[in-house]
Amino acid sequence: MSTYTAVTDADRTAMLETIGVATTDELFANIPAEIRRTEPLDLPDAMTEQEVYAHLRELAARNVSTDDELSFLGGGMYDHYVPAVVEMLIERSEFLTPYTPYQPEVSQGGLQVMFEFQTAISELTGLPVANASVYDGPSAVASAAYMAKLTNKKTRFVVSAGLNPQARETLATYLRGFGGELVEVPLKDGVTDLGAWRAAIDSETSAVIFQNPNFYGAVEDAAALAEAAHSAGSTAAGAPVSAKDAAAGAGQRAGATGGPLVIGSYDPIVLGILAAPGECGVDVCVGEGQALGNTLSFGGPSFGFFAAAQQYLRRMPGRIAGETVDVDGRRGFVLTLQTREQHIRREKATSNICTAQALNALAGVAYLAWLGRKGLVELDELLLQRTHYAREQLCRIDGISAWHRQPVIREFALTLDPALDLHAVIDRCAAQGVNPGLALEREHGLLVAITEQRSRADIDRLASVLRAAIAEEAGR
Amino acid sequence: MSTKSAAELAVPASYREPVRTIYEKSVPGRRAFVAPALDVEPARDLLPANLRRAQPPRLPEVSEPELVRHYVRLSKRNFDLDSGFYPLGSCTMKHNPRIGERAAALPGHAHLHPLQDPRRAQGALELMWNLQQALAELSGLPHVSLQPAAGSHGELSGLLLTRAYHESRGEREQRTRVLTPDSAHGTNPASVAMSGMEVVKVATGPGGGIDLDDLRAKCDEHVACLMLTNPNTIGIFDPQITKITEIVRSVGATLYYDGANLNAIMGVCRPGDMGFDIVHFNLHKSFATPHGGGGPGSGPIAVGDRIAPFLMRPRVVKRDDGSFDLDDAEDSPSIGRMRGFYGNYGTFVRAYTYIRSLGAAGLRDASVTAVLNANYLLAKLGDLAEYLPLAYGKLCMHEFVLSGAPMKQKLGIRTLDLAKRLLDYGVHPPTVYFPLLVDEALLVEPTETETRETLDEFAAAVHAIIAEAIEDPEIAHGAPYSTPVRRLDEAAAAKHPVIRQPIE
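Chains A and B are the protein sequences, given in the same order.
So the first sequence is numbered by my numbering: it starts at 8 and just counts up by one.
So the second sequence is numbered by my numbering: it starts at -19 and just counts up by one.
Note that these hints are calculated values from the structure, not bench results.
Please note that a few of the clues may not be correct.
Stated by the list, open to error - Listed below are the simulated DSSO-like cross-link pairs for lysine-lysine, each with C-alpha atoms no more than 30 Å apart in a straight line:
| hint | chain 1 | residue 1 | chain 2 | residue 2 |
| --- | --- | --- | --- | --- |
| 1 | A | K160 | B | K181 |
| 2 | B | K475 | B | K388 |
| 3 | A | K160 | B | K475 |
| 4 | A | K355 | B | K475 |
| 5 | B | K223 | B | K181 |
| 6 | A | K355 | B | K181 |
| 7 | B | K181 | B | K374 |
| 8 | B | K181 | B | K360 |
| 9 | B | K374 | A | K355 |
| 10 | B | K56 | B | K475 |
| 11 | A | K381 | B | K5 |
| 12 | B | K388 | B | K360 |
| 13 | B | K374 | B | K388 |
Here the structure is a predicted model, which is why all the values come from computation and not from measurement.
Based on the provided sequences and hints, a complete structural model is requested.
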């Protein structure tokens, strides 16, 4: 049996004597007898370390991982390469085992990592302020909407149909609490229908939300989407903002006009070549950070990121590390702007977030430093070329066509001939050790993701396996 | 005796080096990453100019050796649980077994895509199912969702479930008040605000538990929920708990159990048996998963039958043939999802490993030992009651609150000074200035994994600091001396926020 305690019988006797009680039971005297358990828990018995490891290996063996098949799954999480240095750093006790840095004098490592992470997110997004992480991409979208509501007191949220369905569902769940209406704008040719988008924005709109690249892999024209919102705001009779906000946001566009906030949910790994959200007029940029140095791990833990225009700094959720000096004048870092936070402001806090994803954010910033300024761009150019190649190859297969023809960087959507059984095709591929991508039920198609771990040869294999699977399925 | 100067203390030379960020170490042309060669015929104009970025993000340019050295040196500027005692109250900083890391790193877990066909993720779904069963048994509440990413996320989930439950009874508009004791964690009221309801505080009685008269006065048909942790943040198990839950139930409200303090009662008693409807667990506290310096955490919730229909989706289900699946039926009364995918699975692997390692008896033993250790440490500090009295009662559960108010008055040093001086003794200070209702609070949670010797050393350090302060309070005022930096100017940081590295 495994145990992580150290109290011997002799220790216990001495300790009870020091306390002044005869038995440990006396320490639980406050617990009423009618709820005190006399029966042991109905749980399995203890296991030794080697037994429990064998059990966990057996469970792992019944999962088909990306090591076990040629996988083109994406849809929110991606099989990018995680470098050895990142793995080494997140296993270090000094990063792995502390709590949130409440004592900055002995937490400078973690705090500086947060500061460097915030810098990296600020650079990627082209927005001046970023926090130290939120839970994940979908909940980051909901958090951004909450911040919009706190900012302009409005409750109508215009959402592109290109937003990841899980983000839309998470937002809908959060709206059951803080209240609000979700208005979906359809796609046209794979991207947000700009006319419908314009028409959907009114004076009661708190925020507009789109994803880039969108769920179907298409690159959105972020500048056009943002401009539509901002120009609607300048003409609509929006609620006046407080003098404090106006002062804080001097020189900024949104908020100051009373128009909706523009929230963009971005894939950070393509921001080496994709226009910076901040330069497109996005006010709040959030997203899922898994692609940056974090393993898939069946969906978590990873991290969400949250960046914004300057005027939202004091309304942002989550921890923020800030630079300062100590009593000897030496440079140091602290958790700052804590008057936003739950432990100080309680019900008036800008968010309830406490524990976030610090270790995953460390993996993120170390990964970005490993890629470097040129490396990120080179990686993105490679993804762009291979993804294009993959789309071209797959669209040559009889029974497959592109669901849209928009520019794509790392992912794209296909449709299958309606006569084909989508899941049967996928199963036939899986039997050959190829996972061809995510089934798109409504579109009767596939969402195919290409990472740098999928070579041309891998893409060619996908094409040949998929071609064969479709031929077999069509001939059945 | 004057304040010790920094120079008098031997500190590693690296602490005195100028602090530079990775961006300041960047030199154009250096690199760690080499991209795989382009293996397809390059196509032109795949991304139109108006969608393209003009200038790439200014990420650092460093070699791999520099990258490693930078972050490893940074790591040495952190205090961590593996190196020393970390009695941070309400955070349950127990040992993080390394087998959990090894198990979570197995490729079958770490490299499993969340959208893998459930038929090819049976091991993961079984693990989640088993973990749910264990959490249900520990809480006495049979229905579990593992989705929430952390405790406060579990709280918000529970409050949204409460709203859905009242809505199903046509009482959503009527029930908008959530009762919380004034000793509650700050996340409780913040979660209430995010759920669109309002906080009503309930007073603490002289014994440290809920003031029943105040509770009765505030309980009516407008109350949606009572949020409570028990033992509470004062470290006291409320002996009136079944009366409390009965009063709240009688007005039709739900009961939410904040599981931050579950480490006191595993296998001893269960929130479900106390009368609670909803409980969240902190896998990064009670179930020994590492906290990572601020996450990842994991905050699963367990609920009773009346809340179950509204539980988040997708849900892990066990089919009649013994296989596992994900049920994501959109037509259910479920509140929907609270985040992407299924939760922090890597954390589930670690927590499940812990639960299976300890087994039923081991989990109970962990709680009993946590309570024993806390009471022992409390007793070892008992002779300092003149300066640091116990805030309430005589005994405690897994943690206890001392008040530094007499120390401040008699010696002129505050709880903050004591905490900072403890850093020089190589221990992490307890939680300070929480709970708010205790003046100069010091919340101490030693956990079950510490040895008696460690507890003795901590008690000796507190004694030494008090003795030192009787002689010369200035020493504590100036502390710490031996740390990478000394006291930092937090006011300046907030007044003129610098939250990113400027880059030329």
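Worksheet entry | Enumerated hints in conflict with the structure, sorted upward | 8 and 9
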